[in-house]
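Peer 1: One letter stands for each residue in the lines below.
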Amino acid sequence: MSDPVSAMNGAKFSGLAQVEDSGLQGMITLRGDLASDTLKAAVKAATGADVPASGHVSLSAEGGVAWMSPDELLLLVPYEVVDAKVVDLAEALKGEHALAVNVSDARGVFRLSGDGAREVLAKICPVDMSAEAFKPGQFRRTRMAQVAAAFWLDDDGAFHIVCFRSVAAYVFNLLSVSAHPQSKVGVY
Amino acid sequence: MLILECPYCGVKAEETELAAGGEAHLKRFGPGSSDEEFHDYLFMRENPKGVHFERWRHANGCGKWFHAARCTMTLEVFGTYSAQTTEPPKEIQDKISEKRPNWTWRDVK
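So the protein lines, in turn, are chains C and E.
When we follow our numbering, the leftmost residue of the first sequence carries the number 1, and every step to the right adds one.
When we follow our numbering, the leftmost residue of the second sequence carries the number 1, and every step to the right adds one.
No lab work stands behind these hints, which were simulated from the structure alone.
Beta carbons are placed, not taken as given, at the ideal position from N, Cα and C, and that holds for glycine.
A hint or two may mislead.
Said to hold, decoys possible - Heads up, simulated DMTMM-like pairs for lysine to aspartate or glutamate below, C-alpha to C-alpha not over 20 Å straight-line: (1) C/K44 - C/E62; (2) E/K64 - C/D33; (3) E/K12 - C/D128.
Said to hold, decoys possible - A few chain C residues that face chain E, going by a derived Cβ cut-off under 8 Å, partial list only: (4) V51; (5) S54; (6) G55; (7) P70; (8) R141; (9) R143.
Stated by the list, open to error - To spell it out: a stretch of chain E is covered by chain C in this simulated footprint if at least three of its residues, at any positions, have a beta carbon under 8 Å from a beta carbon of chain C; those stretches are: (10) 12-25; (11) 54-62.
Construct the entire structure; sequences and hints are all you get.
Peer 2: Listed below in C-alpha cells is the structure:
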C-alpha cells in the first residue's frame with residue numbers, strides 16, 4: 001500500500017505568521033446525542049478528553065474533541081490508531097443513535113502561529129478575532145474566504161485550522177497571502 | 001450587513017456565513033389539496049415592507065436551519081428562534097409588538 005500523505009505534504013510559509021501543514025492527523029466525525037452518558041464515556045475512552053461545551057474544544061495529551069454542532073463532534077486521535085478507534089466507538093455506542101466515521105483523509109489541517117496569527121485569520125473570516133473575544137480553547141466553524149473551515153486556538157497561542165482536503169491548496173495559499181509580510185494592518 | 005445569532009450554536013453569524021431559505025412557516029399543501037391551495041403554497045409569498053419571518057441556515061457553521069424575525073426596511077432583527085415551530089413564538093411576537101405596534105404578517109398579529 002502507498003504511504004499516506006497529508007493534504008499539503010508538509011508545506012510551510014512564513015510571513016506575518018507561520019503557516020504550516022500539520023501533517024497526518026486522525027479525525028473522526030461523531031454524530032449522536034451529546035447529552036448521552038454512553039456517548040460521553042465512549043468519547044472519553046477514545047480521546048482522553050471530555051465532551052466540550054458549545055463552541056469549544058477540549059484537548060488531552062494524545063488527542064481532543066471539538067464541538068461541531070449540537071449533535072456532532074470532531075474527535076482528534078493519532079493517525080495510526082484512527083481505524084481501531086472507530087471500531088471501538090462503534091462497539092461502545094451499540095444501541096445508541098450515533099455514527100462514527102473516519103474522516104482523516106478527507107480533511108486538511110494547518111497550524112498558524114506567531115504574533116500576526118489573529119490578524120491573518122481576521123482578514124479572511126467573519127469572526128471577531130480580538131484577544132478578548134476569541135480565547136484559547138474556543139472552537140469556531142466559519143467561512144474562510146470562499147470555503148468552509150473550522151479552527152481552534154490552543155494554549156500556546158497557535159491556531160489549528162481544519163478544512164476539506166479538496167480545498168486544502170486554496171486554504172494554504174489563502175493563508176499565505178493573508179500572512180504576506182507587507183500586508184500588516186496592525187489592529188490586534 | 002445582517003447579523004443573526006444562531007439559536008443552536010449561539011454564534012453571532014454574519015450574513016455571508018448564512019444561507020437564506022425564504023419565507024418561514026409555510027404549510028405544505030400536497031396530494032389531496034385543491035388546485036387553489038396548491039397554487040398558493042407554491043407561488044404566493046409575502047413581500048412586506050416591515051416585519052418579516054424568514055428561514056436561514058447556518059451553512060458555514062453548525063449547519064442547522066433556524067427562523068429569524070426581522071424588519072425588511074431597517075434590517076432590525078427582532079430575534080431568532082428554533083426551526084421546530086409552526087408559528088412565531090410568543091416572546092418574539094411580544095418583542096415585535098413593543099417596537100412595531102399594530103404589525104401584522106399573514107394572519108399573525
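Peer 1: Which of the listed hints are not met by the structure?
Peer 2: 4
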